Amino acid sequence: MAKEIIMPKFGFTQEESEILEWLKQNGDKVEKGDPIAVVSTDKVSMEVEAPESGILDGIRYKVGDTVPVTQIIAYVLQPGEKIPESDSTPAAAHTAEITTEPKTETAQKPAPSLERAAGVSISPVAQRLADDKQVDLNLVRGSGKDGQITRKDVEDYLANQEKTGGKVKATPAARRIAGEKQIDLRTITGSGPTGRIQAADVVSARTAEAPAAQVKPAAAGSQAVNPALKVLKEIPLVGMRRTIAQNMQRSMQEAPHMFLQVDVEMDAAEGLRKLANENKMENSPKVSVTALIVKAVAQALKQNPIVNSQFTSEKIVLYEDINVGVATALDNGLIVPVIHNADRKDLKQISLEVSDLALRARNNKLQPDDLANGTFTISNLGMFGIDRFTAIINPPQAAILAVGKMNQVFVPDENGQPVLRSVVSFSLSADHRVMDGSQAAKFLTDLKNNLINLGEIVK
Amino acid sequence: MEALREGMRQAMQQDERVFVIGEDIGVYGGAFGVTAGLIDEFGPKRIIDTPISEAGIAGAVIGAAITGMRPIGEIQFSDFVVISMEQLVMQGAKMRFMFGGKADVPFVMRLAGGSGTGAAAQHSESLENWFVHVPGLKVVMPSSPYDAKGLLLAAIQDNNPIMFFEHKLLYKTKGPVPEEMYTIPLGQSHVVREGKDLTLIATSIMVSRAQQAAEQLAEEGIEIEIIDPRTLKPLDEKPIVDSVIKTGKALIVHEAVKTGGFGGELAAVIMESEAFAYLDAPVRRLAGLDMPIPYNRNLEYHAVPQVENIVEEARKLVKGQY
Numbered sequence: 026m027a028k029e030i031i032m033p034k035f036g037f038t039q040e041e042s043e044i045l046e047w048l049k050q051n052g053d054k055v056e057k058g059d060p061i062a063v064v065s066t067d068k069v070s071m072e073v074e075a076p077e078s079g080i081l082d083g084i085r086y087k088v089g090d091t092v093p094v095t096q097i098i099a100y101v102l103q104p105g106e107k108i109p110e111s112d113s114t115p116a117a118a119h120t121a122e123i124t125t126e127p128k129t130e131t132a133q134k135p136a137p138s139l140e141r142a143a144g145v146s147i148s149p150v151a152q153r154l155a156d157d158k159q160v161d162l163n164l165v166r167g168s169g170k171d172g173q174i175t176r177k178d179v180e181d182y183l184a185n186q187e188k189t190g191g192k193v194k195a196t197p198a199a200r201r202i203a204g205e206k207q208i209d210l211r212t213i214t215g216s217g218p219t220g221r222i223q224a225a226d227v228v229s230a231r232t233a234e235a236p237a238a239q240v241k242p243a244a245a246g247s248q249a250v251n252p253a254l255k256v257l258k259e260i261p262l263v264g265m266r267r268t269i270a271q272n273m274q275r276s277m278q279e280a281p282h283m284f285l286q287v288d289v290e291m292d293a294a295e296g297l298r299k300l301a302n303e304n305k306m307e308n309s310p311k312v313s314v315t316a317l318i319v320k321a322v323a324q325a326l327k328q329n330p331i332v333n334s335q336f337t338s339e340k341i342v343l344y345e346d347i348n349v350g351v352a353t354a355l356d357n358g359l360i361v362p363v364i365h366n367a368d369r370k371d372l373k374q375i376s377l378e379v380s381d382l383a384l385r386a387r388n389n390k391l392q393p394d395d396l397a398n399g400t401f402t403i404s405n406l407g408m409f410g411i412d413r414f415t416a417i418i419n420p421p422q423a424a425i426l427a428v429g430k431m432n433q434v435f436v437p438d439e440n441g442q443p444v445l446r447s448v449v450s451f452s453l454s455a456d457h458r459v460m461d462g463s464q465a466a467k468f469l470t471d472l473k474n475n476l477i478n479l480g481e482i483v484k
Numbered sequence: 182m183e184a185l186r187e188g189m190r191q192a193m194q195q196d197e198r199v200f201v202i203g204e205d206i207g208v209y210g211g212a213f214g215v216t217a218g219l220i221d222e223f224g225p226k227r228i229i230d231t232p233i234s235e236a237g238i239a240g241a242v243i244g245a246a247i248t249g250m251r252p253i254g255e256i257q258f259s260d261f262v263v264i265s266m267e268q269l270v271m272q273g274a275k276m277r278f279m280f281g282g283k284a285d286v287p288f289v290m291r292l293a294g295g296s297g298t299g300a301a302a303q304h305s306e307s308l309e310n311w312f313v314h315v316p317g318l319k320v321v322m323p324s325s326p327y328d329a330k331g332l333l334l335a336a337i338q339d340n341n342p343i344m345f346f347e348h349k350l351l352y353k354t355k356g357p358v359p360e361e362m363y364t365i366p367l368g369q370s371h372v373v374r375e376g377k378d379l380t381l382i383a384t385s386i387m388v389s390r391a392q393q394a395a396e397q398l399a400e401e402g403i404e405i406e407i408i409d410p411r412t413l414k415p416l417d418e419k420p421i422v423d424s425v426i427k428t429g430k431a432l433i434v435h436e437a438v439k440t441g442g443f444g445g446e447l448a449a450v451i452m453e454s455e456a457f458a459y460l461d462a463p464v465r466r467l468a469g470l471d472m473p474i475p476y477n478r479n480l481e482y483h484a485v486p487q488v489e490n491i492v493e494e495a496r497k498l499v500k501g502q503y
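Protein chains in written order, with the numbering used here: chain A, 26 to 484; chain B, 182 to 503.
Worth flagging that the hints you see were computed from the coordinates, not collected in a lab. Just so you know, these numbers come straight off a predicted model, no measurement behind them. Be aware that one or more of the hints could be misleading.
Stated by the list, open to error - The list that follows gives simulated cross-link-like pairs (lysine-lysine, BS3-like), each with its CA atoms no further than 30 Å apart:
| no. | chain 1 | residue 1 | chain 2 | residue 2 |
| --- | --- | --- | --- | --- |
| 1 | B | K497 | A | K206 |
| 2 | A | K192 | B | K355 |
| 3 | A | K107 | B | K500 |
| 4 | A | K194 | B | K439 |
| 5 | B | K427 | A | K57 |
| 6 | B | K500 | A | K170 |
| 7 | B | K377 | A | K28 |
| 8 | A | K206 | B | K377 |
| 9 | B | K355 | B | K439 |
| 10 | A | K28 | B | K500 |
| 11 | B | K427 | A | K192 |
| 12 | B | K427 | A | K206 |
| 13 | A | K28 | B | K355 |
| 14 | B | K377 | A | K57 |
| 15 | A | K28 | A | K170 |
| 16 | A | K299 | A | K430 |
| 17 | B | K500 | A | K192 |
| 18 | B | K419 | B | K377 |
| 19 | A | K170 | B | K497 |
| 20 | B | K427 | A | K390 |
| 21 | B | K500 | A | K57 |
| 22 | A | K206 | A | K57 |
| 23 | B | K377 | A | K194 |
| 24 | A | K206 | B | K500 |
As the list claims (entries may be wrong) - Going by beta-carbon spacing under 7 Å, a handful of chain B positions derived as facing chain A:
| no. | residue |
| --- | --- |
| 25 | Y352 |
| 26 | G429 |
| 27 | A458 |
| 28 | Y459 |
| 29 | L460 |
| 30 | D461 |
| 31 | G501 |
Even for Gly, the Cβ is constructed at its ideal location relative to N, Cα and C.
I would like the entire structure built from these sequences, with the hints used as guidance.
Now the structure itself:
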């Protein structure tokens, strides 16, 4: 029988993915495990693998289409096999429905945790019970006709949750791999006996659930499209765009921002950087301005732990780990790879990681780990010619630093004579629930001193 | 059988302290013929026939060992070792420890064990794990002619009391054996066959059955790695642990009854090791049924693991059905 290739579900509440690229075409021979397509999930591109060896055929969606998870996207055929008859009508309806979503979306959709992937039916009683008990139906196995989820399935699921305390059945190997890849085992369907998750199930899941995926859809406040205006293009609100929209909206709504700015003379830091690059060993990475700033910021965070923190409804949590994210622009959005434990790394190491992450970000090669657990973010628009700007805090962090471009400025020396200096403008956006102006000011002042006295820090 | 005989002959030729003692081992050549002809070469002073008294054999062996000889005792059917437990466990195993290292007890007790000969419940047991549980004893269990000779010579040279379990059905196994003297160090597991899908740890006759099973499974594309510990005590754990880390699955096969058998020890070794985090299925044991070996040949056949049982069990494990 023709083997179906379905759009994988990479994240807990992920509903759909955009097809970015077909790596194989109809008629291509594929081996089991070969990547056949690249799809975008929340900010990270993932590969869809061939479920078995054979000939790829019946591709149902083109690049740019947005496809609900678990939807069939193509088939792997063995010699003599054909695409099933029932598939003669491509699922264009699905595509249309979704791509036009922004236009028609006036009513709020049900919470995604209660939605079931397309193609599986749910009995009305089961649906109501699931709604009442806030059961994610994606985690419930259907035992009815054609896999329909019945009331008993939901009840069994709830009883089992109670009995096991929500524990997941998984082999030690599956747990180890899930731990290494930061995958939530609850999001994975086990293929072993009694639904036990085995190593292969985790490997095929491949991705961590992005923290942002927990955010509610941002569609609540969206407006109807003005029919009086001519539409140039519609950009579906999926993947990275959707995540950015959700996060930024949430941040501005929830976190009262305050903005502080300081200009810093960068001549000493620049001198240090040039010296380091002139004397660097062959093959060792060049020290970049970004690396210098990451180092100085990590030091300032260490001096001001209140900035390296998170607001929750019960408490403010100050983190010991200092993980500095560096916002990186992509063609289709923005991504924030993280330098973990930046306070404990030297300039050389930071430079190496900054350039490696930036390169992989642009080549879509970042792994979920690269994006996880940031505690502070730096956004640098200097290379785009921006003098200064303010940024929106990247939740759940408590502050973000906006860095402008380096300008040559005449400033008075101690005798009042003008001297030419390289000056960069730094703007801190801080969550006022967490800290007050004086604390934010102290951070910026420390950062400024760190940059001026960088030689002391990196020594 | 010839490999064991050759090993004993060469050891006796090389070292006059070595002698063999047991029931019917002289003119009769032993119940299974292992010592056939040795009396002609070495005479009744070094190939000593005893009365039917296993306690006597064990006592003589231990006494000779602590006075500087290197005796080889033979227990005609390993079942009868129960008669000599006091000598072996209470005395032989503990002497070196209790005398503060001033007495070595360098004997080898050869025991013919295992089922498959229609010899019923009192002549077919596999009792190796009883001795694994006794500190002071080493327990060796060869699975091939080559291993039998090499391990026997190593055991004779060893300064500790050694229980050397032979399988009656293996006496007729053919395999390459070098003519010269050679030893296989005790405490070295042997990777008999390499594979990536499953680690199969087998002892004694189960090694060759596992190899046959692996051949069949290879045709289905399932690659079994077989490890023979060869020495149950001291156990060489590393190859086992490394293999399970590689395959993520372990099947233990032995003939002795499952409950309280050596498989439980092996399973625990795996669980306690680094390999735990690599396990992708429960460790499984395939072993003898919890019953005396039946006299009826059909029942006897089904009382212990056979090739088809190993194939089925291994396949289920690999396919994730456990």
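Hints versus structure:
no.: 1; hint: B:K497 <-> A:K206; in the structure: holds, 28 Å
no.: 2; hint: A:K192 <-> B:K355; in the structure: violated, 53 Å
no.: 3; hint: A:K107 <-> B:K500; in the structure: holds, 28 Å
no.: 4; hint: A:K194 <-> B:K439; in the structure: holds, 27 Å
no.: 5; hint: B:K427 <-> A:K57; in the structure: holds, 21 Å
no.: 6; hint: B:K500 <-> A:K170; in the structure: holds, 27 Å
no.: 7; hint: B:K377 <-> A:K28; in the structure: holds, 26 Å
no.: 8; hint: A:K206 <-> B:K377; in the structure: holds, 23 Å
no.: 9; hint: B:K355 <-> B:K439; in the structure: holds, 28 Å
no.: 10; hint: A:K28 <-> B:K500; in the structure: holds, 19 Å
no.: 11; hint: B:K427 <-> A:K192; in the structure: holds, 27 Å
no.: 12; hint: B:K427 <-> A:K206; in the structure: holds, 19 Å
no.: 13; hint: A:K28 <-> B:K355; in the structure: violated, 48 Å
no.: 14; hint: B:K377 <-> A:K57; in the structure: holds, 18 Å
no.: 15; hint: A:K28 <-> A:K170; in the structure: holds, 21 Å
no.: 16; hint: A:K299 <-> A:K430; in the structure: holds, 17 Å
no.: 17; hint: B:K500 <-> A:K192; in the structure: holds, 24 Å
no.: 18; hint: B:K419 <-> B:K377; in the structure: holds, 17 Å
no.: 19; hint: A:K170 <-> B:K497; in the structure: holds, 29 Å
no.: 20; hint: B:K427 <-> A:K390; in the structure: holds, 28 Å
no.: 21; hint: B:K500 <-> A:K57; in the structure: holds, 17 Å
no.: 22; hint: A:K206 <-> A:K57; in the structure: holds, 22 Å
no.: 23; hint: B:K377 <-> A:K194; in the structure: holds, 24 Å
no.: 24; hint: A:K206 <-> B:K500; in the structure: holds, 24 Å
no.: 25; hint: Y352; in the structure: violated, 41 Å
no.: 26; hint: G429; in the structure: holds, 5 Å
no.: 27; hint: A458; in the structure: holds, 4 Å
no.: 28; hint: Y459; in the structure: holds, 5 Å
no.: 29; hint: L460; in the structure: holds, 5 Å
no.: 30; hint: D461; in the structure: holds, 4 Å
no.: 31; hint: G501; in the structure: holds, 5 Å
When each numbered hint is compared with the structure, violations occur for hints 2, 13, 25.
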